[in-house]
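Since chain A is already given, all that's left is putting chain B on it; use the hints.
Number of protein chains: 2
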Amino acid sequence: MTDNFQSWMDGTRQRVEGALRSMLDSYRGQVPELLAESMAYSLLAGGKRLRPLLVVAAAEAFGASGRERVVTDAAVAIEMIHTYSLIHDDLPAMDNDDFRRGMPTSHRKFGEAAAILAGDGLLTEAFAVVSGGDEPSRLRLCALFARHAGARGMVGGQVDDTVSEREDTEAFLDQVNRRKTGDLLALSCAAGACAAGANDEVIGSMQRIGWLMGHAFQQWDDVLDVEGDPALMGKAAGNDAQQHKLTYPRLIGVEATRQSARNKIQEARALIAPWLPAAAHLDALAGAMIDRKH
Amino acid sequence: MTDNFQSWMDGTRQRVEGALRSMLDSYRGQVPELLAESMAYSLLAGGKRLRPLLVVAAAEAFGASGRERVVTDAAVAIEMIHTYSLIHDDLPAMDNDDFRRGMPTSHRKFGEAAAILAGDGLLTEAFAVVSGGDEPSRLRLCALFARHAGARGMVGGQVDDTVSEREDTEAFLDQVNRRKTGDLLALSCAAGACAAGANDEVIGSMQRIGWLMGHAFQQWDDVLDVEGDPALMGKAAGNDAQQHKLTYPRLIGVEATRQSARNKIQEARALIAPWLPAAAHLDALAGAMIDRKH
Chain A
778 MTDNFQSWMD GTRQRVEGAL RSMLDSYRGQ VPELLAESMA YSLLAGGKRL RPLLVVAAAE
838 AFGASGRERV VTDAAVAIEM IHTYSLIHDD LPAMDNDDFR RGMPTSHRKF GEAAAILAGD
898 GLLTEAFAVV SGGDEPSRLR LCALFARHAG ARGMVGGQVD DTVSEREDTE AFLDQVNRRK
958 TGDLLALSCA AGACAAGAND EVIGSMQRIG WLMGHAFQQW DDVLDVEGDP ALMGKAAGND
1018 AQQHKLTYPR LIGVEATRQS ARNKIQEARA LIAPWLPAAA HLDALAGAMI DRKH
Chain B
778 MTDNFQSWMD GTRQRVEGAL RSMLDSYRGQ VPELLAESMA YSLLAGGKRL RPLLVVAAAE
838 AFGASGRERV VTDAAVAIEM IHTYSLIHDD LPAMDNDDFR RGMPTSHRKF GEAAAILAGD
898 GLLTEAFAVV SGGDEPSRLR LCALFARHAG ARGMVGGQVD DTVSEREDTE AFLDQVNRRK
958 TGDLLALSCA AGACAAGAND EVIGSMQRIG WLMGHAFQQW DDVLDVEGDP ALMGKAAGND
1018 AQQHKLTYPR LIGVEATRQS ARNKIQEARA LIAPWLPAAA HLDALAGAMI DRKH
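Chains A and B, in that order, are what the protein sequence lines are.
Heads up, this note's numbering is the position in the first sequence plus 777, with the first residue counted as 1.
Heads up, this note's numbering is the position in the second sequence plus 777, with the first residue counted as 1.
With the rest of the complex left out, here is chain A:
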């Protein structure tokens, strides 16, 4: 990772977090205090901001100049969608997690009803952010967000992961990961390109790139859970096996999982190549999905 890439990431994160704070400030007097507080609590709890970084990097590939507001709005909205999904995933009826990133989860802090509603609020307000302007690309953005975050995308993946009858096959695991993790990364890349004015064919190619990244990212996470260094990851290894989770290492072995992830990133980078050097940050983000220690 070059210093330039690192400083681009730091700067982009700062810009996105500034935009998140401005948006939360604008709720003052408009939104019940408790709701504003619970939305802010989860939205500002840190995290890598991977999805907003992808939005901005994808937009850069197609020249985002003059379209910064739409791009930033798309980046903010996708972080709101991601955050709502974490809040609902953590609920007692779902994963029943008490902590996330070392802090009490939303329902532990505010109660279950407030957590459900904080998620509902973030999801709905994400569409307010996306549709909050006159640029025609915003309509296409709304459609992309709904397609990838909804029943045909992330919510569908969550149902397959937690509620549907599980099949112990690679095809089923592929489908869960494609929807649950992949769809939001596909949305990130597609939304960045869309906000920058790319056409439908390009947007489709960016979706494919995002799905590949998501798949590789999940596979690498599975690898780390088997042989990662707990000190570097900030959590114990071996959780997946203990919980009898359906993972790639369990189905195809660690080495084949590692290789599959590398192949997917190779394919993604081949799709990115025609847009270099403008797509350099997107290319670097693709590379960072694998060969990582945490």
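Hints may be right or wrong, so weigh each one.
[Stated by the list, open to error] Footprint (simulated), chain B over chain A, 3 or more residues, beta carbon under 8 Å:
#, stretch
1, 809-816
2, 843-849
3, 863-876
4, 939-951
[Said to hold, decoys possible] Label-pair restraints from in silico Cβ distances:
#, chain 1, residue 1, chain 2, residue 2, range
5, A, G888, B, E912, 39 to 49 Å
6, B, K1012, A, A1018, 47 to 57 Å
7, A, R985, B, Q1020, 19 to 29 Å
8, A, S803, B, R943, 24 to 34 Å
9, B, K886, A, E912, 38 to 48 Å
10, A, R985, B, N1040, 53 to 63 Å
11, B, A822, A, E944, 39 to 49 Å
12, B, N1040, A, D787, 52 to 62 Å
Since the hints were made in silico from the structure, they are not lab data.
Beta carbons are placed, not taken as given, at the ideal position from N, Cα and C, and that holds for glycine.
The following block gives chain B in isolation, referenced to the frame of chain A:
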């Protein structure tokens, strides 16, 4: 209620339900079966379809000819939002209701995780329906939906109603009702006008009409709970008092509540009057909010 109005309502309900079924059919193969089933279960559970009727009636007032698809999409989407809100309201962490319209609630039928996700799916897919076309009015529609259904609207009202510290004042009750019931009716009227191509000033006036209707509707419900005929309502009276609910009759008395509702409908109908006769169905729907037996 004239025969014509009744047959218009029947026909419009039929059309909207047909569109809901087509949409659900389109999920086949795209959405996990269990999720499609749980979304369909609540969406097709009956109900008065008041919000879709308002959308269509408001659109008629401004000439919906040639814009039928956008109008129907707005009507379908608002019913999806309304249905998601009922599913989440019924959850154990919220109102903890086992039955709705004589059928087990979503979490009783499918489990709590599936019910949360059915709601999330309906909410997100509502935006897919609204943004599913090229007409420029759809972008404004997305913004209206997010404004009224989100943290500044319905979700905010739900937080005030179930989580925030309750104040026993008319101003607080007004605020809860305005957001919790009023915002979706305001959205219905505004969305119909927007889909029919009305300008911002008209849309603003339609929002006002919807809020007035919502307020009157809630007040009349409160009145019925005190002195309605259980046989006609299909449920026992006196529930609100038993549950120590904050209601208008408790704060200002039954007669003043009835009068307040009538005044609001009078104001709404005065705002509708300039658009008669095209707005005849909207006017009739406003009248039907009060002086009803169930």
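### Task
Please flag the earlier hints that this structure goes against, numbers listed from lowest up.
2, 7 and 11
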